[in-house]
Amino acid sequence: MGYNKKSKRQVLSIEVPAGPRVPPDSSEAGWKDTAPVGPSEILRVIARFEGYTGRYAYHCHIIEHEDHEMMRQFEVVDLITGVPELSPAKYALSPVRPNPFNPSVVIPFELPRSAPVRIGVYDVGGRLVRILVDGTRPEGPQSVLWDGRNDSGVTVSSGVYFVRMRSGDFSAVRKAVFLK
Numbered sequence: 001m002g003y004n005k006k007s008k009r010q011v012l013s014i015e016v017p018a019g020p021r022v023p024p025d026s027s028e029a030g031w032k033d034t035a036p037v038g039p040s041e042i043l044r045v046i047a048r049f050e051g052y053t054g055r056y057a058y059h060c061h062i063i064e065h066e067d068h069e070m071m072r073q074f075e076v077v078d079l080i081t082g083v084p085e086l087s088p089a090k091y092a093l094s095p096v097r098p099n100p101f102n103p104s105v106v107i108p109f110e111l112p113r114s115a116p117v118r119i120g121v122y123d124v125g126g127r128l129v130r131i132l133v134d135g136t137r138p139e140g141p142q143s144v145l146w147d148g149r150n151d152s153g154v155t156v157s158s159g160v161y162f163v164r165m166r167s168g169d170f171s172a173v174r175k176a177v178f179l180k
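The numbering of the sequence shown is this note's numbering, which starts it at 1 and goes up by one.
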C-alpha cells in the first residue's frame, strides 16, 4: 500500500515481475513433464495443444502451500476465436475458507446436475462430527457453512477436521483447521 498525497488516500501498488529472462538449462530442453522453479522465479510454458481446447491440470510441489490448491488448472483456448469451448459442469469440493477458522467456515462445492449429496465433517480419528448436507441439491456452484459445532450443538475442540463430500461415484475430502 502507498499513500497518494493529493487525494489523501491509500493506494494499492502492484508489483510487476522484473529481471532478466533466464533460458532453461540444456538438460531442461525438450519434452518434459516437470520444470524446476526457484524462489521469486516465474515459469513461462509455451506449448502447442492441437485438437483440444479445454482445461488441463498442473501440480505444484511447494510445501508451503500444500493445503491450498496444489492441483490447479489452465485453459487452452482456440487461437482463432480465443474462446474456450464450454466445459461440462463438474463435481467439485473447493478449499474451505477461511482456513484456519473461528467461529465458522464456508465450504464451497459444485454439482453438475441436481443430485443427492452428503457432506460431513470428520475428526482425525475418522469419527463423524457433523452432517452438514444430506439430500438432493440443485445443480451449480453453492456452499454450506459449518459453525464448528458437532451434531449435538457442542463446539468442537481446536484441531484438524476433514470435510468429505459424496455424490454418486464422486468423493472428495478437504482439510479444515478449527482454532478456539
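Be aware that a few hints might be false.
Okay, derived cross-link-like pairs now, SDA-like style, lysine to any residue, Cα gap no bigger than 25 Å in a straight line [to be verified]:
| id | residue 1 | residue 2 |
| --- | --- | --- |
| 1 | 175 | 140 |
| 2 | 90 | 127 |
| 3 | 180 | 144 |
| 4 | 180 | 127 |
If you anchor each label on the Cβ, the simulated ranges turn out as follows [said to hold, decoys possible]:
| id | residue 1 | residue 2 | range |
| --- | --- | --- | --- |
| 5 | 169 | 142 | 34 to 44 Å |
| 6 | 152 | 102 | 35 to 45 Å |
| 7 | 115 | 34 | 17 to 27 Å |
| 8 | 179 | 94 | 12 to 22 Å |
| 9 | 20 | 162 | 12 to 22 Å |
| 10 | 24 | 114 | 46 to 56 Å |
| 11 | 23 | 170 | 36 to 46 Å |
| 12 | 25 | 136 | 51 to 61 Å |
| 13 | 145 | 42 | 21 to 31 Å |
| 14 | 23 | 144 | 12 to 22 Å |
No lab work stands behind these hints: they were computed from the structure.
Computed from a predicted model, the values in this text were never measured in an experiment.
Note that CB positions come from ideal geometry on N, CA and C, so glycine has one too.
Right, here's what the structure says about each hint:
1. 175 <-> 140: 22 Å, holds
2. 90 <-> 127: The given pair, whose Cα atoms are some 28 Å apart, is violated under the 25 Å limit.
3. 180 <-> 144: Roughly 21 Å between the alpha carbons, so the hint for residue 180 and residue 144 holds.
4. 180 <-> 127: 20 Å, holds
5. 169 <-> 142: 34 to 44 Å: Since the Cβ atoms of residue 169 and residue 142 sit about 20 Å apart, the hinted range of 34 to 44 Å is violated.
6. 152 <-> 102: 35 to 45 Å: 19 Å, violated
7. 115 <-> 34: 17 to 27 Å: 36 Å, violated
8. 179 <-> 94: 12 to 22 Å: 21 Å, holds
9. 20 <-> 162: 12 to 22 Å: Given a distance of about 45 Å, which is not inside 12 to 22 Å, the answer is violated.
10. 24 <-> 114: 46 to 56 Å: Because 48 Å falls inside the window, the suggested range holds.
11. 23 <-> 170: 36 to 46 Å: Hint holds: Cβ distance 43 Å, inside 36 to 46 Å.
12. 25 <-> 136: 51 to 61 Å: Holds, at about 54 Å.
13. 145 <-> 42: 21 to 31 Å: 36 Å, violated
14. 23 <-> 144: 12 to 22 Å: Since residue 23 and residue 144 have Cβ atoms about 48 Å apart, the given range 12 to 22 Å is violated.
In this structure, the hints that do not hold are numbers 2, 5, 6, 7, 9, 13, 14, in rising order.
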